[in-house]
Every structure is written in structure tokens, then in C-alpha cells.
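Line by line, the protein sequences give chains A and B. For the first sequence, our numbering assigns the number 1 to the initial residue and increments by one for each residue that follows. For the second sequence, our numbering assigns the number 1 to the initial residue and increments by one for each residue that follows.
It cannot be assumed that every hint is accurate.
[Unchecked claim] Under the rule of at most 20 Å between Cα atoms (straight-line distance), these lysine to aspartate or glutamate pairs were calculated in the DMTMM-like manner:
1) K175/A with D86/B
2) K175/A with E237/A
3) K82/A with D88/B
4) K175/A with D138/A
5) K78/B with D152/A
6) K287/A with E267/A
7) K189/A with D138/A
8) K110/B with E237/A
9) K120/A with D76/B
10) K287/A with D88/B
11) K40/B with D88/B
12) K189/A with E89/B
13) K93/A with D152/A
14) K82/A with D76/B
15) K83/B with E122/A
16) K120/A with D155/A
17) K248/A with E231/A
18) K81/B with D138/A
19) K120/A with D42/B
20) K120/A with D86/B
21) K83/B with E202/A
22) K40/B with D66/B
23) K265/A with D238/A
24) K81/B with D151/A
25) K295/A with D76/B
26) K295/A with D66/B
27) K83/B with E267/A
28) K212/A with D66/B
29) K40/B with D289/A
30) K78/B with D151/A
31) K120/A with D88/B
32) K287/A with D66/B
33) K82/A with E38/B
34) K247/A with D206/A
35) K135/A with D151/A
[To be verified] Stretches of chain B that chain A covers, calculated by requiring three or more beta carbons in the stretch to come under 8 Å of a beta carbon on chain A:
36) 45 to 59
37) 106 to 118
No lab work stands behind these hints: they were computed from the structure. Using N, Cα and C, we set each Cβ at its ideal position, and we do this for glycine too.
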Amino acid sequence: MSRKTMSRNVQDELLHDHNHDGIDRRGFLKCMAWAGTGAFCVIRGGVLRSYAFSRLPELGPKEMAGELSFAQISDSHMGFNKAANPDVAGTLKAAVDKINGLAVAPEFLLHTGDISHLSKPEEFDAVQQILKGAKPQDVFYVPGEHDVLNDDGKDFLDRFGKGSKGAGWYSFDKKGVHFIGLVNVMNLKAGGLGTLGHDQLEWLEDDVKHLKHSTPLVLFAHIPLWSVYPEWGWGTEDSAQALSYLKKFGSVTVLNGHIHQTMQKVEGNVTFHTAASTAFPQPAPGKADSPGPMKVPAEQLKSVLGITDVNFVRGQQALGVVDSTLE
Amino acid sequence: MRRSVSVAVFIAVAVLGIAALGVKNSAVAAQQKPQNAEVKIDNFSFGPAALTVSAGSTVTWINHDDIPHTVASADDPKVFKSKVLDTDEKFSFTFTKAGTYAYFCSIHPKMTGKVVVQ
Numbered sequence: 001m002s003r004k005t006m007s008r009n010v011q012d013e014l015l016h017d018h019n020h021d022g023i024d025r026r027g028f029l030k031c032m033a034w035a036g037t038g039a040f041c042v043i044r045g046g047v048l049r050s051y052a053f054s055r056l057p058e059l060g061p062k063e064m065a066g067e068l069s070f071a072q073i074s075d076s077h078m079g080f081n082k083a084a085n086p087d088v089a090g091t092l093k094a095a096v097d098k099i100n101g102l103a104v105a106p107e108f109l110l111h112t113g114d115i116s117h118l119s120k121p122e123e124f125d126a127v128q129q130i131l132k133g134a135k136p137q138d139v140f141y142v143p144g145e146h147d148v149l150n151d152d153g154k155d156f157l158d159r160f161g162k163g164s165k166g167a168g169w170y171s172f173d174k175k176g177v178h179f180i181g182l183v184n185v186m187n188l189k190a191g192g193l194g195t196l197g198h199d200q201l202e203w204l205e206d207d208v209k210h211l212k213h214s215t216p217l218v219l220f221a222h223i224p225l226w227s228v229y230p231e232w233g234w235g236t237e238d239s240a241q242a243l244s245y246l247k248k249f250g251s252v253t254v255l256n257g258h259i260h261q262t263m264q265k266v267e268g269n270v271t272f273h274t275a276a277s278t279a280f281p282q283p284a285p286g287k288a289d290s291p292g293p294m295k296v297p298a299e300q301l302k303s304v305l306g307i308t309d310v311n312f313v314r315g316q317q318a319l320g321v322v323d324s325t326l327e
Numbered sequence: 001m002r003r004s005v006s007v008a009v010f011i012a013v014a015v016l017g018i019a020a021l022g023v024k025n026s027a028v029a030a031q032q033k034p035q036n037a038e039v040k041i042d043n044f045s046f047g048p049a050a051l052t053v054s055a056g057s058t059v060t061w062i063n064h065d066d067i068p069h070t071v072a073s074a075d076d077p078k079v080f081k082s083k084v085l086d087t088d089e090k091f092s093f094t095f096t097k098a099g100t101y102a103y104f105c106s107i108h109p110k111m112t113g114k115v116v117v118q
């Protein structure tokens, strides 16, 4: 779509500016074409199988079905309004539409942090309001560094951390899968990476101690728990310590956000996975001067934003990961 | 010819001498008088990353990025810490005592800088 066409559309669609904030959501979303990228990945017996998103309709119920499915969203950055995406509310809503349109309704949502851009109450409110429109009503959150900018994250904890320990870490069980939400965005040190800290590591060791080796584990945290690109702070100082407690388990999946792009890695019994942002993309490691927001043409934006849908297939002791873009 | 060369050399030496004197004087002035300075935050870095000022100087950081940053002292306890700075927001701190003050962005800790106060 040319710039000229785009601006004409926006002008036409300004009729839809119901909120009188100058942002024409329908027009903005209309400007984004369907780009058709994304992948469906299934890990079966430790082997990852990847299918292009465009092939999803070809996959049978056997591949799609499982006893448990959930969706991961990340990095909504509510409040961000710069050129890289002037309507982060619109793209989050598009993610919710996508979730509601999945053939298998996810049982719950995981939000892997940077819910807000500046930890403002109205930003948290807006995200909670939009997520009320999602079919799955249970949402499990971990904070990103943007969510704990004031008062050591007290507002985040009050809203999203009920029943959690320390800075907001917790675990829960769903149909035989043990989920662990970790916090690695507090007390960051000069020159350092994300950090879990002694108290949380001790809690984690204790939390998994009594689980059967066959229990599938899903860990989720904002900053990647593997070293994606330390030069940009994309890693966690003490993640190796955390992962050392999980060696006895047959199936471990780690879900992260923070880097605003999809990446996967398999290391022994652990599959690492980062989700795209619902707000704006960031450059691939080292491919730009800094990890700042990537400005892509509006018609491409949705193809680099997305949600992650995870299917747990009982009996196969493996997790299939679906990445779909906001198209 | 020879005479004109020596005149030129004399003038050159004189000019250099005056210039050197000027530099020396301003350096002395910098040590004595507080001077305000600015650090720009651009592309996830502080510029200049190392800044030298005299005691009593006020340093102002200004965020030119699309992403919020903070300016936080790396010392324990922290000597200074800004609130979160959104695009184009500023933070100022007046350094009254001589010393080296390391700082970083508490959101993106890979971003580091220092202020040397003389």
C-alpha cells in the first residue's frame, strides 16, 4: 500500500474516531494487510516440528488437539504511542480477536510482561479491560521491567500478584502440567542482565523438589532465561542456576518475551521460546545500533506482531508451540 | 627572505603561546567555576558516556529515545536516581563533591556512564 493510499484511507476512516483522541483505530487496522507469516511447531518426543502458519488449515485434529491449550501474549506496552505503533490498544485487541478465533479455545492466557509502557495505572487498566474481551478469562502475569518502574513494582503486585511470593513469582498446576512464573526484572545491576536472585532461586529449587520427573514443566518469565544477546541485555545472569534444578525433568519449556520477536532453541531437555510483542517489533540481535523499536511500514506491522498458542498433548509428554502473527 | 622567515616563526610562536595560555586559563576556570553540562540519551547509550565537571556543576540528562530510560547511580546507597524519563524528558543532578560517579539505566542496565567531579 502506498503512503498516498494509506493517508487517503486514514482520512476516510477518521469518521470512526469515536474516542476523539485523533487515533482512528479501524482505519489504522484496515491499513495493515495480511502478510501470512508465522509457524506452527510441535515438539513430539523431543523433536520440534514446524509448520508455516499458512498451513494451519491443513493440520488435522490430531495435531491440534490436546488436553490442555493456552495462549501466550507479551509486551503489550500499553501507553506507547510512537511511530513504531501509534495504536498499541488496537493491536492488543487484534491479538484478543486472534485468540478468540482459535479452533481450540485456550483454557487461559499467559502474559509474559511489559503489560504497560510506563507502569501507569491507566495503562494497566486498559490492558485488563481489553483482555476481558478474551474467551479465556484466566490470565497469568509476570512483570516486565516496564511494569515495575515505580515503588519497586508495588502496583503490579497489588493488581496481578495475589498469592505470589517475593516480587511476584508463583507456580500452579493445570492438568498435570506444572507452571512456574518467574520474575527477572527486579534489582538489575549496572552493566548486568536480568536477574532472579537468591530468594527466588531457593524457592524454585524447593518448588520442583517433590515433583515427579515425568511432570511437564512450563516456566515463564519476561527476560529470556537463555543468552539470546547479552550485548543488549537479552539474557538472565543466574538462569543457569535455575535450569540446574530442572535437569531431572523430561520435558521443560521456557516461555519469555522482552525481545519482541520469535526465537526458539532446544538445549537438552529444555525448549526455549520467545514470543513476539503485541505492540512493536525489535531488531534481530546485533542487526541495529540499539534494540530500539523497529519502524516497519504499517501494512507489515501485523506480520511482525503476534500471539503464541501452546498445546499440551497429554501422553506424548511434549508441548507443541504455535506462533501466529496478528493477521 | 631569511628575515621574513624568522618574523613568521616569531609570530607563529607568539600565537601558539597566547593560545596555550588561553587553554590553560580556561582549564583553571573550569576547575574553579561550576559549569552545567548535558548528557544525551540516544540509541540506548549515554553521550558522552564519561563526563568531567567541576564540583558544584549541574548535569542534565535528556532522553531522545522512543523508549523510556532512567539515570540511576550505581553506588550503594544510590547517590541519585531519576524517575522514569519518557521521550524528551530531563533529569538534573548537582554534583557537590569531587569523585567518580558511575551510573546506569535501571531499565536497561547495559547502558552505563560516569561523571567525574573534580
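Evaluated hints:
1. K175/A with D86/B: Not satisfied, since the Cα-Cα distance of roughly 43 Å exceeds 20 Å.
2. K175/A with E237/A: Answer violated: K175/A to E237/A is near 32 Å, above 20 Å.
3. K82/A with D88/B: holds, 12 Å
4. K175/A with D138/A: Cα-Cα ~15 Å, so holds.
5. K78/B with D152/A: Holds: K78/B and D152/A sit about 15 Å apart, inside 20 Å.
6. K287/A with E267/A: violated, 24 Å
7. K189/A with D138/A: violated, 33 Å
8. K110/B with E237/A: Satisfied, since the Cα-Cα distance of roughly 12 Å is no more than 20 Å.
9. K120/A with D76/B: violated, 27 Å
10. K287/A with D88/B: violated, 25 Å
11. K40/B with D88/B: holds, 10 Å
12. K189/A with E89/B: violated, 23 Å
13. K93/A with D152/A: violated, 29 Å
14. K82/A with D76/B: violated, 35 Å
15. K83/B with E122/A: holds, 18 Å
16. K120/A with D155/A: holds, 9 Å
17. K248/A with E231/A: violated, 31 Å
18. K81/B with D138/A: violated, 37 Å
19. K120/A with D42/B: violated, 24 Å
20. K120/A with D86/B: Given that 20 Å is the threshold and the Cα spacing comes to 12 Å, the pair holds.
21. K83/B with E202/A: violated, 31 Å
22. K40/B with D66/B: holds, 13 Å
23. K265/A with D238/A: holds, 18 Å
24. K81/B with D151/A: holds, 13 Å
25. K295/A with D76/B: The hint is violated at about 38 Å.
26. K295/A with D66/B: Distance ~11 Å between K295/A and D66/B Cα, so the pair holds.
27. K83/B with E267/A: violated, 39 Å
28. K212/A with D66/B: violated, 46 Å
29. K40/B with D289/A: Answer holds: K40/B to D289/A is near 16 Å, not above 20 Å.
30. K78/B with D151/A: holds, 15 Å
31. K120/A with D88/B: Status holds; Cα separation ~18 Å.
32. K287/A with D66/B: holds, 18 Å
33. K82/A with E38/B: Roughly 24 Å between the alpha carbons, so the hint for K82/A and E38/B is violated.
34. K247/A with D206/A: The hint holds at about 14 Å.
35. K135/A with D151/A: violated, 33 Å
36. 45 to 59: As far as the region 45 to 59 of chain B goes, the hint is violated, because 1 residues have Cβ atoms under 8 Å from chain A.
37. 106 to 118: holds (count 6)
Consistency note: the structure conflicts with the earlier hints numbered 1, 2, 6, 7, 9, 10, 12, 13, 14, 17, 18, 19, 21, 25, 27, 28, 33, 35, 36.
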